[in-house]
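**Student:** The hints should help you fit chains B, C and D onto chain A, whose structure is shown.
4 protein chains.
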Amino acid sequence: MCLLEQINYQLILSDIYEEIANIDYEGNVANYIPQLAKVNPEKFGIHLCCLNEGNYAMGDSNEKFSIQSISKVLSLTLAFSMMGDKLWERVGVEPSGNPFNSLIQLETENGIPRNPLINSGALVISDILVSNLVNPKADYLSFIRKISGSDEIQYNTAVANSEKETGFRNTALINFMKSFGNIKNDPETVLDFYFHLCSIEMTCKELARTFLLFANHGTLTGTGECIVSRSQSKRVNAIMQTCGFYDEAGEFSFKVGLPGKSGVGGGIVAIHPDKYSIAVWSPKLNKKGNSTKGMKTLELLTTRTELSIF
Amino acid sequence: MCLLEQINYQLILSDIYEEIANIDYEGNVANYIPQLAKVNPEKFGIHLCCLNEGNYAMGDSNEKFSIQSISKVLSLTLAFSMMGDKLWERVGVEPSGNPFNSLIQLETENGIPRNPLINSGALVISDILVSNLVNPKADYLSFIRKISGSDEIQYNTAVANSEKETGFRNTALINFMKSFGNIKNDPETVLDFYFHLCSIEMTCKELARTFLLFANHGTLTGTGECIVSRSQSKRVNAIMQTCGFYDEAGEFSFKVGLPGKSGVGGGIVAIHPDKYSIAVWSPKLNKKGNSTKGMKTLELLTTRTELSIF
Amino acid sequence: MCLLEQINYQLILSDIYEEIANIDYEGNVANYIPQLAKVNPEKFGIHLCCLNEGNYAMGDSNEKFSIQSISKVLSLTLAFSMMGDKLWERVGVEPSGNPFNSLIQLETENGIPRNPLINSGALVISDILVSNLVNPKADYLSFIRKISGSDEIQYNTAVANSEKETGFRNTALINFMKSFGNIKNDPETVLDFYFHLCSIEMTCKELARTFLLFANHGTLTGTGECIVSRSQSKRVNAIMQTCGFYDEAGEFSFKVGLPGKSGVGGGIVAIHPDKYSIAVWSPKLNKKGNSTKGMKTLELLTTRTELSIF
Amino acid sequence: MCLLEQINYQLILSDIYEEIANIDYEGNVANYIPQLAKVNPEKFGIHLCCLNEGNYAMGDSNEKFSIQSISKVLSLTLAFSMMGDKLWERVGVEPSGNPFNSLIQLETENGIPRNPLINSGALVISDILVSNLVNPKADYLSFIRKISGSDEIQYNTAVANSEKETGFRNTALINFMKSFGNIKNDPETVLDFYFHLCSIEMTCKELARTFLLFANHGTLTGTGECIVSRSQSKRVNAIMQTCGFYDEAGEFSFKVGLPGKSGVGGGIVAIHPDKYSIAVWSPKLNKKGNSTKGMKTLELLTTRTELSIF
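Chains as they are written, first to last, in the UniProt record's numbering: chain A, 1 to 310; chain B, 1 to 310; chain C, 1 to 310; chain D, 1 to 310.
Only chain A is shown next, with the shape it has when bound in the complex (with noise of 0.2 Å):
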């Protein structure tokens, strides 16, 4: 038990998953490259990790998958403590509004993403990095490594080269953006590496450890380490909820009222500051691309805790 709120959190959990499990959710599973096409859809873990001590887990927690576009908050987070507020001036901090103006916009505002974790502003993120990191992928992957405190945490190669035979939009994306001259590398290297960055995969019980360091406001609990500043920290928060949830961050935030970021692997994070962060996996993904069991668990979760940020 979570002894700063009296919650008993397993038993929330048990019970929303008691419900949520047998249920049939529409949606499907994200099927543009087979490795992604062939998971299981019935899958579902969850994995909470409270600030000072408790973990709870239920389902299919401990199995890995695909982490896809969550990486993109955690290359934020490495670029963000690297550049600081210069970040700024090559991707914006505003939600992006309906897909179909991903491209207007950065027509018409000269190739500069409105956020970091819509994949133009991932694609900036991911430049930014393959000019400050020695070795990009291996660097990266330490760090990553560091933050969720796991030295198993791996690419997976085959998830990487499949998106690239078929991401004809990044690449366009990309292309686009070097027009204005906002990208400094070559596409095809910061592609490589951006595709690396979603093909990471881990267990519920990582992700959920990987995230505790946004509800600790930049440091890491078991070390200590300040990842990035108490301000930082605040600022990446405040970009989740409003951006995490591609076109449907309102909705999750109205639903939901924590900060959080969701991957078309299925996998859900969120956090709720000074208290805990949650991983949810389930493959099916409603219309919009968000994992249905996980913003289904989040809701619940926050409903029967009577505890979000607002």
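When chains are identical, the list treats them as one kind, so a pair holds in a single copy or across two.
EDC-like mimics (lysine to aspartate or glutamate), calculated; alpha carbons at most 16 Å apart, straight line: (1) Lys184 - Glu165; (2) Lys164 - Asp192; (3) Lys288 - Glu26; (4) Lys64 - Asp151; (5) Lys164 - Glu188; (6) Lys288 - Glu248; (7) Lys296 - Glu19; (8) Lys137 - Glu201; (9) Lys43 - Asp24; (10) Lys164 - Asp186.
No lab work stands behind these hints: they were computed from the structure.
**Tutor:** Showing chains B, C and D alone in chain A's frame:
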């Protein structure tokens, strides 16, 4: 002193006020109608209400100003309390992206505005209130007086009428939505109601007291009356967080980290759930239409208290 | 027979009429106002006027119908004759791309419509005529009677009033442009004038005779009066060519290859400079809002005569 | 003298040339690749070919320049002759409206470009040719040599390669369309072919002779070979008329009144069906990217001959 956190708000506000008051920030007073243009640009007031006790004020905090768009949160609240989730059939909860998308989004999304805090969404909310209130203007004013605890609150009819004379864009928006069937009443009637809502005048003190209910999960601190449910209050806060500052919602979230709403009269109100509400007034607006000193005040407040929802 | 080219137009039109008349083309009569909805969908008339002599007709060519948007070419012509090239300060001459760009284009281009044949452009032209005519409705009707050579031409007031009751989109457009300062008169007055222009009724014969001046370089064939200069007539034709069929201007240019203009009443008029003008009427419209049989008639005409401007 | 109309073209061109040559028109030479930037901005040549006989020339009419986008009409012609109307399943015939709609239109219209003369459309045409020609680059060059009647026409490989190095926007476009399935071949291969097409160099004389077939209903004047059918030639002309000048197609149509096409190398070609073709070259471009002197020359030509298609 607000007992809960042992923070000396008066000292902090006093420091911030001194620091900001005499800096000559750039910006212009809204001048599209004469009544707003003639306001003294140097006015600057702050009022903070803690949930359980203290009230802290600085400067022109007892002077009336036009709350303008801040009224949209209150009309949303009244409509939400009457209609419940049926409301969301006629207006969304997603941020709107950059300003010139409003019309194209109405076009591609069949006249359903993105959220209730942009003009199109507030017009739909006004239409709903016109349909559901017996005497719309009188009933709405009664509602505002109840939640503010002040019988002195009034519409400024001169401001409302002046808006009508220059409100061609709002006339365009409402007729465009009417063409999609998402306005049920006569456009003129709804516009008249809408311009009256925006013409309400409050002092910083009244405004902070009015919004205290959103820090208190929907319940009035004075009478204990529940205006909206705990869940509904959370949702109004979430909408303020993602949509409260036009094209600067992300920026406000990023720098301040509190749900809030601004108006072109120079007012900004923000709330920290379970802690306080705060209203700031300074008429000079930045390029995005938000009070320059108001934004700065709130940024310094959350930085110095080290308290935000993130 | 039109002596100039020794083409037997009567035979060609007769063949085309027979071929098309009994085919059950898909499409719907415009039904947004009752007066248009009650027209017999099977009506089909053709009238072709050669410049020097012959008149050739088939079917319901002497029955009145609502010319609707075809009127926009005539109001443009009157405004152009009065204002000359100063006109182009308030409206452009470029095609408008796809329909839902009209509003975003007004936004990005400061309220200047792309061309005078889309609704926004025709509203600006109406505003110009309201400013410049002493008795706008009476003076405009006199102009139409002069160029058509027929005193029997009338507005249909019932149609005009009906348009007003459902014209929310046009109300939106005109108020939006007014907000940019590109409408000088009261929006209601301009709309009333605009809806009257569109309500004019003509027969195919009258319509063909009215447009003959554009085949004759701006001069009336009967009286020899010069309505617009040779250069101005060329320009009106060029605008019809590039902008006359909403989102199907390219298609019409591609298949027919003549300058022309359509209306939702089912009329289409086209001209071949130095040769003829032709009006076709059939109320069933294709998905783009142009008369299905009208388009087919003109395509067959230019294919079989092997004469187009290209 | 061109016998048909007894117009003294040499005298008219000579007058126009004198009038324009020494005026210091504003404008800049295209400078995005070094090969174009180093062209002498003062170059100015004209060549007019009458259908039956005469050739009239002024200035630098025998100097080679890069035809750039003018090539799009020729690649369209070859693809149209091979595919017939099946071509229109992959590209439209409507004008594209203002430039920044190109990407949003591809998004909303599923990767089908608006017409074959904008970059996206020309890339689809290039993809079709790559699929259908045995040796694309060699076969295309043979085609151009045949219709121009000149074996001296060459690609400029330095120009083509230079385009590749800066062609990020075209890379973006082709990958975006590939993501919709409207590009069948490898993007790199298609881009290489496309950049070669645009690098072709011609003199004004060669260019005018090449386009004479479109004044002659698709048939080569020299050999009598039919390149495209009468109907196809009409359609290519119609597309030039509505789409040949980027965002200035309406302006060109309005002022000049002939089908034509421009390129950023400073060339413009136009044709008057049944009469003549004309090529003008002057490297200084106006803000829309069309040759300033070229536009003026053609405007004066149609004004003084009092002959346009309208």
